[in-house]
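Keeping the supplied structure of chain A fixed, place chain B upon it in accordance with the hints.
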Amino acid sequence: MRYIPNSPAEQADLLREVGVASVDDLFATVPREVFRKSPPPLAPPMSEVELRRDLGALAAKNAAATCYASFLGAGLYPHHSPAFVSQLLLRGEFLTSYTPYQPEVSQGTLTAIWEFQSHVALLTGLDVANASMYEGASALVEAFLMAERLTKKRTRVVVSKTVHPEYLATLRTYLAYLGLEIVEVPAGSDGVTNPAALAAAVDDETIAVAVQSPNVFGLVEDWSVAAEAAHAKGALAIGVVNEMFSLALLKPPGEAGIDIACGEAASFGLPASFGGPLVGFLACRDGFKRQIPGRLAGRLETPDGPVFALTLSTREQHIRREKATSNICTNQGLFALAATMTLTALGKHGLRETALLCLSKSEYLKAGIGKLGTGKFAVAFPGATFNEFALRCGPPVEEVLSALEKAQILGGVPFTRLAPGSGEHEDLLLVATTERNRREDLDRYLDVLKGF
Amino acid sequence: MSDHGHLASPAPDASRLDRRRGSSSIFDASRPGRRGVLLPPLDVPGADPEALFGALHRTEVAGEVEASEVDAIRHFTRLSQKNMSIDANLYPLGSCTMKHNPRINEEIARLAGFAEVHPYTPGHLSQGALELIARLEAALIALTGFARITFQPSAGANGELAGCLMIRAAHVKAGAPRKYVLVPDSAHGTNPASAHFAGYEVKELPSTPRGTLDPADLEKKMTDEVAAVMITVPNTLGVFEENILEVTRIVHAKGGYVYLDGANFNAFVGKIRPADMGVDVMHMNLHKTFSTPHGGGGPGAGPVGVGAALVPFLPVPTVEPEGTGFRLDFDHPDSIGRMRTFYGNFGVLVRALTYILSYGQEIGEVAENAVLNANYLRKKLAPFYHLKYDAPSYHEVVFDDKLQAARGVHNIDVAKRLMDYGFHPPTMSFPLIVPGALMIEPTESEPIEELDAFADAMIAIAREAEESPELVTSAPHVTPVGRIDEALLAREASKAGSFAPVLRAPVRRS
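Protein sequences appear in the order of chains A and B. Residues 1 to 452, numbered by the working numbering, are exactly what the first sequence covers, in order. Residues 1 to 510, numbered by the working numbering, are exactly what the second sequence covers, in order.
Chain B on its own, in the form it takes in the complex:
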């Protein structure tokens, strides 16, 4: 990767060639007879699997890797060098909140007393784990104003599903499940999918020219057939629903619930308690607001907070105080049930609590600086990129490629070119109401000089789009691999046998 702000040569350099070495999979590098572990000696009589299992016995896992520890470490280290990461790069992915991941969180989660505790450890030997969950619940209640929090959901979208299921269970208990869930056209794509899996039909709410909900339109659509409205605050345009109190009042007046997608909690954590806005249920993405690492795509954790009306429907188990300690409680007859095995992504909860304690009462500074940094980028980039919705931005700002598209340069090209400047691309796949979106969320983690470097890169690309668009449309030029033909890959992947793990012929090495 080039240094920020320097236009790199399109020609491959030596470091690029070096990075490509060993770039194929470990299966290609497997060599018969190599071993990566020494196991403890067999200290009991060896069992005979053939005698025990008969026809069900398997003699080998054909095709499995044979590699030494050196092979493994070198392979995975080289793989790591082909990734961008927050540790090295500003990662302005809108709605993903790619903030700094403090390492004390990792250290605490790796303490044997947390990492080595089996979920079926007897209660009196796992009090610390239960207390940790109880303390995180108390902290999140302080930040949200909800009555209870469940930690069952494995990720944000799983939390959405849990929330929708609780809403459904509450309506069923009250007499009728209702039929529809209303979702704004600016919503994350998971919202309608989650509502669908709770058995609801989804109706869309169009955004106003300011990018917000129209209370008059909602008033018309909010009937007693509507179970809930799923909103995002600030929404995916980075715009705050200024009529939020009116919105929640309208929904409640018709007996509906307000679901808040907490993906953008980073914009107001410590500044607003969602329950105060009339929100009944909200998931939080601990890997966003509370800094647990994204880890190349997971694991996340999606705890869900609920107001008093939905408490009886929380997933089981809950953690309850008992004497001087805590216990798991399964006795919730109206519960929607389990979302998964055990008690949620506990290791992620440890990291989140560590983070919250690190900030304590000053956690509002997160939101303040996240919003400030986004507005600074907006100010710097507004002369060069089109802003479809110009309402005040919070933690993210959504430009589009309207100005560049005139020269045949699209958001995907800007994104790929940003890689050459050493930055991860912004989000482009939504909001759906902004075609060609460039959704930028810098987070509070970025220092002023990184923001400036990123803005300079974006401005340079805007200029390139004018002066030498082909440089942009053919990007990236200095990444470990050039632009990948994903359509070709999809065609290849569709063919029979395309995922066969072992190659028929060794890959050519340069």
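Chain A on its own, in the form it takes in the complex:
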């Protein structure tokens, strides 16, 4: 087999050296009744020629966003990634290295992690960010668990229902058996978290309060609402972000009283890849860093220059197990690196310019919908949005999407896909724009709506 270097003759040499007659003798302590007597029921080995043909045919059955004008977002916003990023990611020293537990031979990975942490800290306006989390929803869970450790003995978490429904669903899964109650605060009729309702839900048992901005309807929320509600009762405030480009134009959570920011950083050039791998993030105030979950790279100045290593590890598998603050033992290494490379290329100016492109295209589309004059479509909520908004559809959402698809447009995400079976917001379509959408795509979108 091509991935096993030793030839059959060399394998025979090794067997002789080891002192056994056949390879099955090495499995002598396996009970015979479970040891397979014939090969597993799989096809014969495939060559690269066959793999390309077989799996290429599968790939061809999918609608690559590159073949459509895509307005799909709802928590995952595929932006442009510079060409060099995917090429450098293929360098074996990045692709095929392990977790940098041995810093002397992992300075490349460690420096990049430290840079990722720095980008996230700058964007969120907080002091410390970790090396990344699995993805946004589990990052929110970890933010709450971290807050639980910091507030001690409190039993309730409060979360606005304008947080992405899949984040809420994930939270319910993880918290099911930890003795923590989840209080979900409904949105106001304007689609934004109601400050009074949020404040009323917080009490002395509250661990933390989480809001998302832009929220699941694309609406900009004021972080200070969560911060004030939480801090009034000694709880912590968590800010969720899953469109990181918004932080180029919007006041960051750290400057508005948020204690822990978390969410999804896939916007920085990650391929959509049917929803994974992504790259979650978590950042917090300096005073909370000992409780930050996941990995953390630190920087040490030496006479020869800075060196980097994982540090403050209260969580990894080599820590005394009953004290582990989390069972996570991976970060999203390669994809955090991809985000870091993309951020480096974009830089301070590219970040803001990209964000302005996203915003301007969304505003153009919203204005066009306002001027349709058919009475069949409306922007659902009046508040400010960044690059996504909820479109209220008179005609059934599926029919609208179908008509758009005929015009080679993936028109948006039906709200019902985020929370199947909930029956909520069946007339809403979430429409997201990025720098990849052209004016002609936006005009074609509006033309299709006009046809209803």
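Derived from the structure by calculation, the hints contain no laboratory data. One or more hints might be untrue.
Taking lysine-lysine and the DSSO-like style, the derived pairs with C-alpha atoms no more than 27 Å apart in a straight line are [unchecked claim]:
hint : chain 1 : residue 1 : chain 2 : residue 2
1    : A       : 450       : A       : 406
2    : A       : 376       : A       : 366
3    : B       : 173       : B       : 221
4    : A       : 152       : B       : 179
5    : A       : 153       : B       : 179
6    : B       : 203       : A       : 152
7    : B       : 254       : B       : 379
8    : B       : 380       : A       : 153
9    : B       : 221       : B       : 388
10   : A       : 371       : A       : 406
11   : B       : 402       : B       : 388
12   : A       : 366       : A       : 251
13   : B       : 203       : B       : 495
14   : A       : 152       : B       : 402
15   : B       : 179       : B       : 220
Anything over 10 Å on all C-beta distances counts as not near chain A; from chain B, calculated [as the list claims (entries may be wrong)]:
hint : residue
16   : 176
17   : 223
18   : 435
19   : 460
Covered stretches of chain B (chain A as the covering partner; in silico rule of three or more C-beta atoms under 8 Å from a C-beta of chain A) [claimed, not checked]:
hint : segment
20   : 100-113
21   : 150-157
22   : 262-275
23   : 341-349
24   : 358-370
25   : 464-474
26   : 486-495
Virtual Cβ for every residue (Gly too), placed ideally from N, Cα, C.
The following block gives chain B in isolation, referenced to the frame of chain A:
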């Protein structure tokens, strides 16, 4: 790095100095006015963020990098040169299965039809993605014997958690959640942590002198208060639980579930179906057994296989056949729910299926050669390193530093010295029952001459430990940086403001 087998000079050489150039972060190298991308022109009226956002408007992300594409490429290329990798080095990290990462896997995962598909693409336009998941599920069922596989978990430990949550949900449904999970003292540290997050108290099972479980002891501890036993096969000592059938029988007799940590699946893939051993639930680390790249620490993927009894509790969504195609199915009323957004680390699944198809029915050769290579190293190294548990080894062998410690040389020193010989260190942080562990897993990817070179290096270090221990205890000598004082770093990191992204003063460059 030196060539294998050659003792390198402790003095820095020219290439080392060269590698250090540009070694600080890109933030230190940022220069005002530089740009790395050209964006498409604004083809619609420009929106005014200040008017739209008012007081919530942010005018700049202060401190962000300004760098050209050249700066970026050079920086990251130089960073890469400071990493060890499987592509260049044998990476004998026990329990991590650092095997070759075939590049066809990367190519297939990068096909636009996989990489550019948004997870909310309508079902009729994402049939290929759903079919890929269904095909991987079928392949893993063929290899494990389970009823179903979920692909929700993002990594192995996340799969452990999903498994523990399913076990809990099943017990709750049956009337009582139960209270304890039993975990052997040789287990991976994530096992007790995962059980804890499912609300269980963990009780430890001591290993026998052979390094395996004691069925008589288990029989005593396996009460109807015990929800599950989490085992690893072969365990972290590289030893197969010869009494596995007895173990699973005892657990089932008391209504418990057997959780198998699949981290060591590489030792028996294609040779044993875990379900045949009585295992009820098992996670697989696709980045171990199925060759998806470790990527400097992730992403992984931790699909979980379950027997029929746990199927109702699988996370949502599942992929189900519908007509001639497939659909996502959320209609599982007893499901534990979601483990994350979307449908798992799909890009990792693509790579894993590509790998499995590459081997097909011959995948058992992976386990055979992984076990053979480990036994070859065991044979060569046994005269020089102490073997606390001498039961037959499978895919890994766990020595310790007992012989070297007499001269003040510990496992960490051996590890650091190995770097000078061009090898990554073995695992040292567990198993906890082997103090000073040197846990070596060569995998099937290593050719005989690499195994020999590694063994020669280990033997040379054993000799150095005798003759010039300070050479070992002060290692590494020829890596991009010398031994890092991690305790000092932890103290520095604990200070206020230690993670400030932007340096106050530029770093001195030589």
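Here is what the structure says about each hint:
{"no.": "1", "hint": "450(A) with 406(A)", "in the structure": "14 Å, holds"}
{"no.": "2", "hint": "376(A) with 366(A)", "in the structure": "14 Å, holds"}
{"no.": "3", "hint": "173(B) with 221(B)", "in the structure": "23 Å, holds"}
{"no.": "4", "hint": "152(A) with 179(B)", "in the structure": "23 Å, holds"}
{"no.": "5", "hint": "153(A) with 179(B)", "in the structure": "21 Å, holds"}
{"no.": "6", "hint": "203(B) with 152(A)", "in the structure": "25 Å, holds"}
{"no.": "7", "hint": "254(B) with 379(B)", "in the structure": "41 Å, violated"}
{"no.": "8", "hint": "380(B) with 153(A)", "in the structure": "54 Å, violated"}
{"no.": "9", "hint": "221(B) with 388(B)", "in the structure": "26 Å, holds"}
{"no.": "10", "hint": "371(A) with 406(A)", "in the structure": "23 Å, holds"}
{"no.": "11", "hint": "402(B) with 388(B)", "in the structure": "9 Å, holds"}
{"no.": "12", "hint": "366(A) with 251(A)", "in the structure": "23 Å, holds"}
{"no.": "13", "hint": "203(B) with 495(B)", "in the structure": "37 Å, violated"}
{"no.": "14", "hint": "152(A) with 402(B)", "in the structure": "42 Å, violated"}
{"no.": "15", "hint": "179(B) with 220(B)", "in the structure": "16 Å, holds"}
{"no.": "16", "hint": "176", "in the structure": "13 Å, holds"}
{"no.": "17", "hint": "223", "in the structure": "20 Å, holds"}
{"no.": "18", "hint": "435", "in the structure": "13 Å, holds"}
{"no.": "19", "hint": "460", "in the structure": "18 Å, holds"}
{"no.": "20", "hint": "100-113", "in the structure": "holds (count 13)"}
{"no.": "21", "hint": "150-157", "in the structure": "holds (count 4)"}
{"no.": "22", "hint": "262-275", "in the structure": "holds (count 5)"}
{"no.": "23", "hint": "341-349", "in the structure": "holds (count 8)"}
{"no.": "24", "hint": "358-370", "in the structure": "holds (count 11)"}
{"no.": "25", "hint": "464-474", "in the structure": "violated (count 0)"}
{"no.": "26", "hint": "486-495", "in the structure": "holds (count 7)"}
In the structure shown, a violation is registered for the earlier hints numbered 7, 8, 13, 14, 25, in ascending order.
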